[in-house]
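4 protein chains.
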Amino acid sequence: MSSSASFFSDLLTSITEQGRALLESRLGRPGEVSLADLCEALLSGRGEASGVAIAGEVLERYRAASRERKLAFFETLRDQFGTDTDEVRAALDALNADPADQALLHRLHEVSEPRRQELIRRLNLAPGGTRALVDMRSDLLSMLREVPGLADVDRDFEHLFSSWFNRGFLVMRRIDWSTPANILEKIIQYEAVHEIKGWDDLRRRIGLADRRLYAFFHPALVDDLLIFVEVALTREIPGAIGPILAEERAEITAEEATTATFYSISNCQNGLRGISFGNFLIKQVVEELRRELPGLKTFVTLSPVPGFAGWLRRSLESGDAAIQDLVSEPQREALAAGAWATDAAAAKPFETVLPSLCAHYLTREKDKKGRALDPVARFHIGNGARLERVNWLGDLSPNGLTQSHGIMVNYLYDLKFIEKNHETYAATGAVAASSTVTKQAKLVPDAKPLVPAA
Amino acid sequence: MSSSASFFSDLLTSITEQGRALLESRLGRPGEVSLADLCEALLSGRGEASGVAIAGEVLERYRAASRERKLAFFETLRDQFGTDTDEVRAALDALNADPADQALLHRLHEVSEPRRQELIRRLNLAPGGTRALVDMRSDLLSMLREVPGLADVDRDFEHLFSSWFNRGFLVMRRIDWSTPANILEKIIQYEAVHEIKGWDDLRRRIGLADRRLYAFFHPALVDDLLIFVEVALTREIPGAIGPILAEERAEITAEEATTATFYSISNCQNGLRGISFGNFLIKQVVEELRRELPGLKTFVTLSPVPGFAGWLRRSLESGDAAIQDLVSEPQREALAAGAWATDAAAAKPFETVLPSLCAHYLTREKDKKGRALDPVARFHIGNGARLERVNWLGDLSPNGLTQSHGIMVNYLYDLKFIEKNHETYAATGAVAASSTVTKQAKLVPDAKPLVPAA
Amino acid sequence: MSSSASFFSDLLTSITEQGRALLESRLGRPGEVSLADLCEALLSGRGEASGVAIAGEVLERYRAASRERKLAFFETLRDQFGTDTDEVRAALDALNADPADQALLHRLHEVSEPRRQELIRRLNLAPGGTRALVDMRSDLLSMLREVPGLADVDRDFEHLFSSWFNRGFLVMRRIDWSTPANILEKIIQYEAVHEIKGWDDLRRRIGLADRRLYAFFHPALVDDLLIFVEVALTREIPGAIGPILAEERAEITAEEATTATFYSISNCQNGLRGISFGNFLIKQVVEELRRELPGLKTFVTLSPVPGFAGWLRRSLESGDAAIQDLVSEPQREALAAGAWATDAAAAKPFETVLPSLCAHYLTREKDKKGRALDPVARFHIGNGARLERVNWLGDLSPNGLTQSHGIMVNYLYDLKFIEKNHETYAATGAVAASSTVTKQAKLVPDAKPLVPAA
Amino acid sequence: MSSSASFFSDLLTSITEQGRALLESRLGRPGEVSLADLCEALLSGRGEASGVAIAGEVLERYRAASRERKLAFFETLRDQFGTDTDEVRAALDALNADPADQALLHRLHEVSEPRRQELIRRLNLAPGGTRALVDMRSDLLSMLREVPGLADVDRDFEHLFSSWFNRGFLVMRRIDWSTPANILEKIIQYEAVHEIKGWDDLRRRIGLADRRLYAFFHPALVDDLLIFVEVALTREIPGAIGPILAEERAEITAEEATTATFYSISNCQNGLRGISFGNFLIKQVVEELRRELPGLKTFVTLSPVPGFAGWLRRSLESGDAAIQDLVSEPQREALAAGAWATDAAAAKPFETVLPSLCAHYLTREKDKKGRALDPVARFHIGNGARLERVNWLGDLSPNGLTQSHGIMVNYLYDLKFIEKNHETYAATGAVAASSTVTKQAKLVPDAKPLVPAA
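Residue numbers (UniProt numbering), protein chains in the order written: chain A, 1 to 454; chain B, 1 to 454; chain C, 1 to 454; chain D, 1 to 454.
Hints are computed from structural coordinates only; laboratory data are not their basis. On a predicted model such as this, the values are computed, not experimentally measured, just so you know. A virtual CB, placed ideally from N, CA and C, is assigned to each residue, including glycine. Treat the hints loosely; a few may be bogus.
25 Å max Cα-Cα, derived PhoX-like pairs, lysine-lysine [claimed, not checked]:
1) C:K369 / C:K442
2) B:K197 / C:K186
3) B:K420 / B:K442
4) D:K197 / A:K186
5) B:K186 / C:K197
6) A:K197 / D:K186
7) D:K197 / A:K197
8) D:K186 / A:K186
Label pairs and their calculated CB-CB ranges [as the list claims (entries may be wrong)]:
9) D:E236 / B:E255: 16 to 26 Å
10) D:I252 / C:S142: 48 to 58 Å
11) D:E60 / C:I252: 34 to 44 Å
12) D:Q80 / C:I252: 45 to 55 Å
Okay, chain A solo, but in the shape it has when bound (with noise of 0.2 Å):
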C-alpha cells in the first residue's frame, strides 16, 4: 500500500522565485504575498500555469499555522470567498423577467456558488491535497462553535467531500496480521468502540480464524482509513461483548461459523463528519462474507444502547407515571448508585424491567423529527437492520453500566428485508423488531404511540 506513497508527493512543490515575484507585481505590493492573495490568484486563472506549486503553498502555509491565523483564515473563507452578491443580483433580475429559461436558472445556479467551492477544489491539485483539505475541515469542526458564520463554510466542505468520498470511489480491503504495521497502529488508534488494548489485543482481533476486520480506503488519502468494522464468526447470535474479547476462548474455524457479529464500527476521519460510509461498509461485508463462507446465514450486529440510561433518568425525574410505576424508588436509587451489577442478587430485580424498558425505548421513543431516539438504533434501523434482541448483561464495563445499564442488543441484517424495513421506517417511523423485542416492549403499558403525532 505503501508503494503508491510516492505518487502523492511527485510534484514541483513551491512556486518559482519568478512566480512569486510576479504575484507580488501584480498585487502592487512588495513582501510577503498573504494566503487570501494566494487563493484569490489560485482562483483567478491566472495562476493557472503554476495552480498546484500555488495550491501547494496554501496548504503548507496554512498546516504550519497557529490556531489564530487558521481561524483567520476561515473567517476570510467567510466574508471574502461567498457567493458573488452582484453577479447573483444579476442574474436573479434576468431570471425575473423570464422565470422559466433554463439558460437564466443555469446560471443563476452557477453564480449562486460560494467561490469557496472552486477555491476547494483547486487546492486539491497539490499533491496530498486531499488529506490537507480533510484535516482542514477538522480544524474548522472544532471552530464552528466559536465564531459565527462558520457553518457556511463547512457546508461547503461537506458538499464537496460527499461528491469526493462518494461510495464508488472507495475500496474494501480485509485488515489482517498480514497488513503493514502503520495501518495496523491506525486501527488501535481509531477504534472507538471497544477499546484495542495493544497489539496483542490487536492480534486477538485480526489474527485469529474467527475474527474479520474490514475497511473502506479512499485511493486519496493513502496508508489511512476511512472506517472500519470489526467482526466475529460465531455459531449463534452473542448476547455479550466480553467472551468475544476475552483474552482466552475457543476459536472456531471460519467454516464452522452460521452467524457473523458486527461487534464495533469505528469512523476514523474526523475531517469527514457528515459523510456516511457505514452503511455501505456493513452491506458490502455481508456481500463479501456470505460468499466466501456459504455457511453463513445469520448477519446480526452487538451494539450498545448509548441513550438507554439517560433517557430513563429523565423519565424518571420528569415524572412520566407509565415509567415511574415500573422502577421502584430503592430500585432507582440502586440504579443511580450503580452497584447492583456485580452482584447478581443485587442484579436479579432488574432482569424483566431493565430489558422491557430498553425495548421500549428502543422501538417507540422517537426524536422531533420522529426517528429512533437512540443514535445506534436510528443508524441501524434506518439502514434497513431490524431489532432483534435485547441483552441482560451484555456489557459489564464502567461505560457499558453508564449509558446502557449493562445492557447490548443484536441488529439484525437480513438482506431480503431490509428495503422493506428502510421503506416502512421511512414512511411511518415504525421501527423493525422481533416478536420476542416487540412483546418486551409491551411491559411498559401507557406506551407512547408508535408514531409521532404529523
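On the provided structure of chain A, position chains B, C and D as indicated by the hints.
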C-alpha cells in the same frame, strides 16, 4: 493493477425481489419498472437501503439499451431531472425580500442545482459506476447535435467529472515493457498523433533506454488510462518526427541525454472531453525526469501545426494581400497539388517562406477570444510554453503535409518562465516566442497587430 | 515481478583495486589475472572477504569472452578443477584398511567431489549468478560433442542444477493478458510445439475465458520462465489441433467446460536440459484447475506422435512383414509423396490402417531400455497417464504430416490411476491404454511381445 | 509478501487411496505403511508418479510425531539411509585397478553419497518442504548429543542447505514500519543481542529516520527471515549501546548522518546453524547504504565482547603473571562482586586497565586453530573488518557487565581494506586493529606472540 479490479465487483448487484415488488407497489402499477422510475426511486431516498443495487440496475439497463432508448433516457434526464422551478421560484421570492441573507442565497444555490447532478452522484454508488458514467457521457456527446437541450444535461456531467477527476485524484505512472499487456494494448489503440503500428513499434517507444511513456490513471477507472505522453530523450532539440520513430536508429543511454522531447500526447477517454489533464501531465513528467536525470536541461515538444495549411489556403483565397504577395501563383498551385515535398528542387522555393508564414500564423493569428488560432499552439502557449523553433520538413507523412505543409514546431517548457509567459498571454494575448521565430514572423510585412482590439 | 529484479543487482560488482593488487602479488606476477586464477582465488577461501566480487568478475569476463575462450575455460574446468586424485588415493588407502568406517566413507565422498562443484556454488554468490550459470551450461551443452571430456564438466552442472531447481523451489503462476509484456514476449519466443504467430495469436491463447497458460518460475531467474503449458477448456476431448488454434471459434465460459486439454508444453531454458519439470507442472495444473473449476472431469493432452512416421518408414523398409502386409505398395508411395492428406478420397484408404499402426507403435514398440519408443509417449506414459485415443487427421500442418502422418493422440491424466499406471509401466513396460486403442493395435497381427525380453 | 504464500500450498497433499493400497501390496503387508517404507518408496523411483504426495506425507507424519518417534526416525536415517557400502566396495575395486579413470572416480563419488542426501532432495518436492526440512534439522541438532552417529545425518542436511541457501538465492529487504505485522513480530521474537521490548521499542528501531533494519529472505521460506541486522545512522562512531536504544533521544535525518553503526545482528533459523549469511548481509547493507546516502563515510559495528570476562577470570585464576600483575587483589574482588560499574568512583580504577586487557584479549588471544579467541571478533575479523575502538562503559546491562565487563567495541568495515585484512588474518592470524587499540594492547607487557607457533 488488475488485482484491484476485484474491489469494484464486490457488491450486491441486483435489487432483491422484495425490493422490486416494493417499487412496483409504491408506483401503483405492476409490471416493468422504467428507468425513469428507478432514477426517481434512487433520488427519493426511500430506496436508500438498496441504493447501490438500484444504481447498478439503472447502469446495467442503460448499457444494454439500444441507441434509441439511450437517447430517450437522455431526454428524460433533460425534461424530468432538471431544476425544480417551483422551488427556485419560492427561493427567489424569499431572496427578493431579503437580498443579502446568506442562508437564503445558499438555499437558492441548492434548489437551482439540476436534480440530475444528485442523480449522477447516486449512480456512482454502483460498482463500476464511474466507468459506466464516463461511457454514458461518451454516448451523450455523440448525440448533442441531434437533439436540442442535451447540452444542459452534458453540463452537469462535465461539472461533476471536473470535480471527480481533479488532478489531486490522478495517479501518474510510467509505462514500460514490464507493464501488463492489457494496458499496453490500450496505448496502441489510443495513440492519436503518430499511429503505433503494432507491438514491435510499441516496444521501440517504451522498451528502449532513450524512450519514455507516462500516463495518468484514475483509481476508479481500473486498468484504463486517462491521458499519456511519449517522450524521446535526445542530445539536441529534434526538428523532425521521422528519426524519432525510425525502426533503426542509434540508441543512447538515458544519462547521455540533455533534452526531453514530448512528441505525442493523447487523450484516452472520449467521455472526459473538456476535462483538462495534459497541462498537469507535462509538468509532472518534467519534474519526474529532472529528478531522475539531472543531465536533462531542455524540455520541448515536437508538435504539428494542424491549422496552418487550412489557414494559409483561406488567406490566399480570401485575398489577404500581405500573404498573397509572398506566395506566387505557381507556388500556390504546387502547394495545392501537394507533390512538392518529396522533391528537393520543388521544395526549395518554400524553404524560407513557409516557415515564416507559419511563424506568423502561430504568433499573430488569433481567434475571436484573442487566443492563438492554432489549437495545439493554444494548448502549449496557454500552459506557459514558448514557441522555440519552426522546423522545415519535419513531418512528411500525408497527414503532416496536408495539415501543416510538413512543418513541425518545438514548444519549450522552461519552468522558470511558464508563469510569466502564461500571465502575459492571458493578459495581452502575446505569444511567447524565441527571437529566431519572432524574426521569421516579421517576413510577413503587414501583419495583424499582435493583440486583437479589445 | 520485475520489481524484485533490483534485489539481484544490489551488490558490490567489482573487486577493489587493492583486492586486485593483492591477487596479483599473491600470484607472483603482474598484469592480467586469468579466469583460472580468479577461480582458484574464489575456491581457496583466501578470497572469501570479496567472494561475491570475484564471482561477479569471473561471470562477467566469461560472458564477454569469445567462443574460443569459453571453450578454453571449460577445458580448464575439466583439467584443473576435477577431483583431486591425491586426496582420493589417500582416502582410498585409509578405507581399504577399514572398509566399514563411516567417517572414512564420508571423507571419501567429500574428496571425490570434483572441485568444479564447489566452484560453481561459489560463482552463484554473485548477483545474477544463477542466470549466468544457466547460460554458461547452455554454451557448454553446445560444445559437448566438439571436445572430449566436457561431459564430466556438464555432469557437475546437472547435479547442482537438479538440487537448485528442485520442485520445492519452483513457483507456478498463471499467465494471462494482464501479465507484463516482457514475460509474454518470452512465451511467444519459447513456444516450441505450435508456433505463436504474434501478439494476436498469443492473446487468443491467454486472453479468452476458455484458454489458460501456466508456467513454473524460479526466484533466482527473475522475469524468465522455466516451462509452461497451454490448456484449452472444452466440452469434450478434442481430436485435432486446428479448431483449438483457430482465429474464429465459439468461445465458452470456463464454467461450461468439462475437459481440460493440455495442447502444448514447452521447456524454456536450454541450460536446464535434463532437469525435469513437466511432470510436476501438469499435475499441479490439474490440481489447480480442479479446485477452481469443479465442473472439470477430464484432463487430457492433445499430443503429436513425433516418432511415428520415421518408425513406419523404417519398418516398411526393413522388411517387417507384419507391418508391410498392412500397407500396399501404392499406399507406401502415397505416404512418401505426402499429398494424400489434403484430399478426402486419397486419405480414405489410410483411415483405419494408420491409426492402428500408430496404436501399435505407441503401445508395443520399445527402446533398448524397454521404454516406449516414442519420446512424447515416454514422457506421458512415464508420468502415469493412459493413452486414451488416437485421432485421425488431427494435425494437417506440414510438420504434423511429416512426423506423425497427421495423427494426434490424447493421453489421459486420471490422478486416481497415475500411480498404478506408472508402477506397472516401470515394472513391466506395459503401456496403459484405453480398450479402443488396445483394439486398434491388435490390427497389427504378429506384434512384438508387450514387454521386451529380459 | 504473504501473497506468494499461496504458491506453496497449491499441491496435491495426500497420496490417493489407490496409491496407498499399491504401496501396501508392494510391501507385502497390510496395515500402516511406516515412515521408513515411505522414504524407500520415495527413493525407489517407483513412487515417482506421486513423489510430491509421498514427500508431503512423510513430512506431515514427521511433524505430528512425538520426540521419541522423531529420534527413531533420525536413527533410521542414520542406519538405513547411509552410504551403500556394497556399491562403494565395488567401485573401490574397480578404481584400485585403474586409479586415474575419471569415470570410475565419478562413479565412486556418486555411490559414496549417503542415500539420505537424495532422500532429503526428494522430501523437498512437497509444498512447504523446505520449511519442514529446516525445522527437522532444528530437531536433529537438539538430539545430536543424545545419540551417537546423528552427526553423520546432520552433515548431509548441512551440505544440502549450504547449496540451497547459497547467497545467490537470498533476497535482501529493508524492514520498516510499513512491513506486514506477521514479519515484524518475528523480528521481535528473533532479536538475540539487544532484546526488543514490544512494539513501541520495535518502532523506535525501524520507524525513525535514523534507524534501519535489513534482512535476508529465502523464497522458499515464505514470510520468514534468515538473518537481520539493525543499523543506527549517527554523526560519529558510538561507544555505548544505551543512547542508541534510548526511548527519548534527538533524531537526525538520514542525510545528516556520516556513520552507519551495525549494533545488532541476529540469526533467525536454528535449523540453518552453520550456514553463514552475516558476512554477505553486512557487506550488502554497506553497499545499499552507500548508494542511498552518499554522506555516509564510516561503517562500523557496536559489538559486545562476550568472551572477555570469562577469559580474564581464567587468566587471573590460572596464574598468568603478566595479567595478574595488572589487576590487584581488591580489584579482582570488585570485579567478581560486580558492583563497581554503577559507581563512578568504584569504576575509576578500571578505566585504563580493563580496556587495555580487552584490547590485548581481542588482538592477541587465539584459539587452537590460530583464530581470534572471542567469537564475535572471529566473525568480524574473519570478514576483513578492523578492530577500531575499545569503549569503556559501553554496555551497563547485567549481561554486558557479566560477559564483557561493560566494554563494547567497534569493528570498522572499510571495503577498501577488507580483502587485505582478511588475507593477512587468514595467512598469519594477525588481527587488524587501529593504532590506538594496538597501543592499548601493549599495556599488557609479556604478551603472547601475535601468531601462535606453527
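So, going through the hints one by one against the coordinates:
1. C:K369 / C:K442: Distance ~23 Å between C:K369 and C:K442 Cα, so the pair holds.
2. B:K197 / C:K186: Distance of about 20 Å is within 25 Å: holds.
3. B:K420 / B:K442: holds (23 Å)
4. D:K197 / A:K186: Status holds; Cα separation ~20 Å.
5. B:K186 / C:K197: The given pair, whose Cα atoms are some 20 Å apart, holds under the 25 Å limit.
6. A:K197 / D:K186: holds (20 Å)
7. D:K197 / A:K197: holds (16 Å)
8. D:K186 / A:K186: Satisfied, since the Cα-Cα distance of roughly 21 Å is no more than 25 Å.
9. D:E236 / B:E255: 16 to 26 Å: violated (35 Å)
10. D:I252 / C:S142: 48 to 58 Å: holds (57 Å)
11. D:E60 / C:I252: 34 to 44 Å: holds (38 Å)
12. D:Q80 / C:I252: 45 to 55 Å: The hint (45 to 55 Å, Cβ to Cβ) holds, given that D:Q80 and C:I252 are roughly 53 Å apart.
Going through the hint list in order, the structure does not satisfy hint 9, though it satisfies all others.
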